[in-house]
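All chains should be modelled from the sequences, with the hints used to inform the complete structure.
Protein chains: 4
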Amino acid sequence: MTLSAEQQAEIDAARANPQPTLRAVAPGMEKHLYTAQPVLDHGFVRAIDYMGDDAAIVQAARVSYGAGTKHVSNDEGLIRYLMRHWHSTPFEMCEIKLHVKLPVFVARQWIRHRTANVNEYSARYSILDREFYIPEPAQLAAQSTVNNQGRGAVLEGAEAARVLALLKSDAAQMYDHYEEMLSQDDQQGLARELARMNLPMNIYTQWYWKTDLHNLFHFLRLRADAHAQYEIRVYAEAIAAMVADWVPLAFGAFEDYRMGGVTLSGKAIDVLKRMLKGEEVTRESSGMSIGEWREFKGVWK
Amino acid sequence: MTLSAEQQAEIDAARANPQPTLRAVAPGMEKHLYTAQPVLDHGFVRAIDYMGDDAAIVQAARVSYGAGTKHVSNDEGLIRYLMRHWHSTPFEMCEIKLHVKLPVFVARQWIRHRTANVNEYSARYSILDREFYIPEPAQLAAQSTVNNQGRGAVLEGAEAARVLALLKSDAAQMYDHYEEMLSQDDQQGLARELARMNLPMNIYTQWYWKTDLHNLFHFLRLRADAHAQYEIRVYAEAIAAMVADWVPLAFGAFEDYRMGGVTLSGKAIDVLKRMLKGEEVTRESSGMSIGEWREFKGVWK
Amino acid sequence: MTLSAEQQAEIDAARANPQPTLRAVAPGMEKHLYTAQPVLDHGFVRAIDYMGDDAAIVQAARVSYGAGTKHVSNDEGLIRYLMRHWHSTPFEMCEIKLHVKLPVFVARQWIRHRTANVNEYSARYSILDREFYIPEPAQLAAQSTVNNQGRGAVLEGAEAARVLALLKSDAAQMYDHYEEMLSQDDQQGLARELARMNLPMNIYTQWYWKTDLHNLFHFLRLRADAHAQYEIRVYAEAIAAMVADWVPLAFGAFEDYRMGGVTLSGKAIDVLKRMLKGEEVTRESSGMSIGEWREFKGVWK
Amino acid sequence: MTLSAEQQAEIDAARANPQPTLRAVAPGMEKHLYTAQPVLDHGFVRAIDYMGDDAAIVQAARVSYGAGTKHVSNDEGLIRYLMRHWHSTPFEMCEIKLHVKLPVFVARQWIRHRTANVNEYSARYSILDREFYIPEPAQLAAQSTVNNQGRGAVLEGAEAARVLALLKSDAAQMYDHYEEMLSQDDQQGLARELARMNLPMNIYTQWYWKTDLHNLFHFLRLRADAHAQYEIRVYAEAIAAMVADWVPLAFGAFEDYRMGGVTLSGKAIDVLKRMLKGEEVTRESSGMSIGEWREFKGVWK
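Residue numbers (UniProt numbering), protein chains in the order written: chain A, 1 to 301; chain B, 1 to 301; chain C, 1 to 301; chain D, 1 to 301.
Worth flagging that the hints you see were computed from the coordinates, not collected in a lab.
Incorrect hints may have been included.
You can't tell identical chains apart in this list, so a pair holds if it fits in one copy or across any two.
What the hints assert, rightly or not - Taking lysine-lysine and the DSS-like style, the derived pairs with C-alpha atoms no more than 30 Å apart in a straight line are:
#1 Lys-168 with Lys-277
#2 Lys-297 with Lys-273
#3 Lys-168 with Lys-31
#4 Lys-277 with Lys-297
#5 Lys-301 with Lys-267
#6 Lys-277 with Lys-301
#7 Lys-31 with Lys-297
#8 Lys-273 with Lys-301
#9 Lys-267 with Lys-297
#10 Lys-277 with Lys-267
#11 Lys-277 with Lys-31
Written out as structure tokens, the structure reads:
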């Protein structure tokens, strides 16, 4: 990731100017504000603004007059109780606004999370930069042979080299053609809203994205998960690290009950109870499908 | 509206403790934070938190790196352009959180605005206070004879006195019975989640309510409108006054294009064009229904 | 529940008139259409319309051209897979529209489910009927002594009689006063939008409510749960019974993975693994709070 | 647009099998069901399912027991009233499900309408077809010189030929490389979730898209508008034609009040009033900005 001198100056200026506020302030998030956290080769996540902190969750749950409670330990217990019992509304009382630079194919997954506010850089209005995502060799994986929507072993040798060369030369060529079509030197110049259609989906775009903490947790649970595609997972992980600093109690509860948790079906509960009684349960006697049993054994091996 | 000494102390404490932040700060809103703005006889609106300011709208619309633009006049022009062309997403980048105390029948209208986050005081968990909305004599209006869902002339004399007396005595009696049923003196005491069902809908409830500026404008357009019921309109007006201080440029555009604006149908455009050419258009020659024509003449009388 | 002769005639007429359609038809739901399923003393749930069936979930998940698949067993496996892995979007492709008559205090809980479409009977525009929810003696419960938002033992003897008498006489009196205030005999008559505020929250209201199957499942999981208040749970149960007939495969998966399932925290997984190895784990050695441990033992006793 | 014989057979089979239903049936939409309406060079829109009709809007607005009203003329008056006064909830009681094949850059605009349900063909799971949008010569337009996000004159001669040739050869080459990278002949084969990133944004994707009539009208107002990009506008127009057959009364009201309507600011109302009195108003005396005045004169020339 490279920021222009001008962009860096704007970020530095924003960070140099603390002002007094009466709102809840989360010191753990203040230290991140505006700074661009690098993700992938040209991407980043920048926290632009936030609303609330751990105490604000408690305050809303209690519909209270004051700004917090007496004891942090009480706050933690209540926050864990709310998370455990799926009381989501108090978590919606915190909000975060991010500036994200990301490849278009990642943006297409991301946007499926509908409960968020988005302003994307417009390629109808402006010209996109010459920046494309080219995977690290370690990320250049083959199609998984067991998972229809996953990756297997890393490509090696000539095949890896061929793929990398293709990705690079195609991106360069497509951007050259984009510029050629747009050019107004001795020609009219194709409309931007049309020229953009020739660009590959590893080109970078940018957006402002704003959501509440409950929906952000939902995003993180799905996208920071091991089954998520690597290229969106690294964004989710970068965001998760900031959230841990912003609302440490809520994030701790989220980690325990959601990220580190597991949902058992009625069948799985039954099997576990039999196992606790010492019974040797097999796939056949479990009543589960092959896939279900594989996933079950993955946890309870 | 009366706050307990403890509640006022909590508000004072929150207002006494400015802290430095790197976020966008809106001085016009800082002065309102936490203070309870009285509405109706026992209600209030308190701004608890906010995110963003006029510059944040511009910043999101431009997906920019810095915190604002050079010239306020440019910001105003862009904000008016966005409002005029229904580009709503940049306005969604501002957020506000309110603590509201309001009668239940008002809350039932309010909650119909779905794009918002809400934590309401729980009458399953807690006991409601003995506070009921009793209208001012000037608000004790008869059913409108022209509008099926509106008010007509103010009630007078004995009828007004009778209504007021009924509202007051019924509220008092129902609350007495609420307490009687809940009481655990020499009896088990009815569950709170059941006892509450006997309370009338002018009892006050409270909630934390959080929404973005675009959806807040939508709320204000419908609820600060002359056709809205008085009892919700006064809340909308109290909020509007705070929003005018928070994001003056956006609020100015909203006032001009939404609150002070009007939508014309294709038929109405046609009629106005004929009138501009000097034609005398009648209801019959307008092609409008009776209701449409009355509304049209209401503006273009 | 009593329907007027006219209402029953309208329902009968709607049920008497099958017409051909090319859309997916769910025979299990057709048999319920329009019929009012009684709930509580005066309430009901009526299915008014639906979109899709089990095959439509599969069709959307596969973005297919045809109307279904060859084998029901394949559909079931895919639907269970989707449910197990929280792939919610295919379930959103089914939609249901209900007409519900319910007490206001139940409506106030229900409306908190925001992802739904609602048209409520307007008490600004019309006059409400004289119908109030009065609990069966078996539902007249004391406040729970262990759960702040729950019920304990059923009230008995004189206390139960006193409560019932109060609820009945208060409802009757409030409705008398409602009519008195509205009356235009020898007086102006208070506006309907004001008179309604004096009515208690056990009065019945009605609405059309429409939602997709994914959000309906979420509603059912929370409201058909043992912790939900009885008065909303009976509505959820009536709806669940219809859904089981409408989309039997999806409902089966929902029952197994959501209603009959349980979510384990990271801590709980760890404890279960130790128990599976034969360790005797206590609350102290579990690392769980008292509440967490009680809930854990409730499942794994 | 070309459908495979198998796809056409699936569509024909679905259309050949009418079944009885008790639900509201809209004959105007039945005739469209499943048939693929061609849009652009390879795209289409297919109506897969619908819920409700004009009478269902009225039924919900009245929270009625029966299926409709006595007189169509009453229905029309009420529907026009609801549209005129922005009573949106009754329109939400109709729902439509579409199968759409569209270029990715169009899908990226479309998805910004968040209040909808979507299942998109997964390029992680499956291999995309070799189908790219190549504009008709008449759509190959230059960048507008007056509108930063619009098109100007059509490209001509050598420039048009060059652009078309580039678009075609680039698409072909990128798809060749996509297949090369995926190939498992004598190599491992790149994961599908990675290979897709090299495809240009004029490749076609497909999705099931479901929304309610109110949100569909909002979509149509923005996307069937003259300012929308041509490539999404043609989809909106194809959908609008189906909606006109589905709910003719609601669509008529939508056309008059939304598509053919205009919103006037407070300033514009003032200017029109002065013009009606015979005053000659200039841009300077109007108080409007240059852009606002140009738009105003565009209507009231």
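**Request:** Have a look at Lys-168 and Lys-277 and pick one of within, between, both or neither, based on CA distance no larger than 30 Å.
**Result:** neither (59 Å within a copy, 53 Å between copies)
**Prompt:** For Lys-277 vs Lys-301, is the C-alpha pair at or below 30 Å within one copy, between two copies, both, or neither?
**Reply:** Cα proximity of Lys-277 and Lys-301: in one copy and across copies (16 Å, 11 Å).
**Request:** Go through the copies and call it for Lys-301 and Lys-267: within, between, both or neither, with a Cα cutoff of 30 Å.
**Result:** So Lys-301 and Lys-267 pass the 30 Å test inside a copy (17 Å) and across (17 Å) alike.
**Request:** Measure nothing new, just compare the shortest in-copy and cross-copy C-alpha distances for Lys-31 and Lys-297 to 30 Å and report within, between, both or neither.
**Result:** Classified as neither; 42 Å inside a copy, 42 Å across copies.
**Message:** My question is about Lys-267 and Lys-297: at a cut-off of 30 Å on alpha-carbon distance, are they close within one copy, between copies, both, or neither?
**Reply:** Result: close both inside a copy and across copies, 13 Å intra and 18 Å inter.
**Asked** When no copy is specified for Lys-168 and Lys-31, does a C-alpha distance of 30 Å or less occur within a copy, between copies, both, or neither?
**Response** Intra 36 Å, inter 49 Å, cutoff 30 Å: neither.
**Message:** Cα distance capped at 30 Å. Does Lys-297 pair with Lys-273 within a copy, between copies, both, or neither?
**Reply:** both (15 Å within a copy, 12 Å between copies)
**Message:** Within a copy, between copies, both or neither: which one fits Lys-277 and Lys-297 at a CA-CA cutoff of 30 Å?
**Reply:** both (17 Å within a copy, 15 Å between copies)
**Prompt:** Is the C-alpha distance from Lys-277 to Lys-267 at most 30 Å within one copy, between copies, in both cases, or in neither?
**Reply:** Both: 16 Å inside a copy, 21 Å across copies.
**Prompt:** Is it within a copy, between copies, both, or neither that the alpha carbon of Lys-273 lies no farther than 30 Å from that of Lys-301?
**Reply:** both (15 Å within a copy, 9 Å between copies)
**Prompt:** Is it within, between, both or neither when you check Lys-277 against Lys-31 at 30 Å Cα-Cα?
**Reply:** Neither way: Lys-277 and Lys-31 sit 52 Å apart in one copy and 45 Å across, limit 30 Å.
Violated hints, listed in ascending order, are 1, 3, 7 and 11; each of the other numbered hints is respected by the structure.
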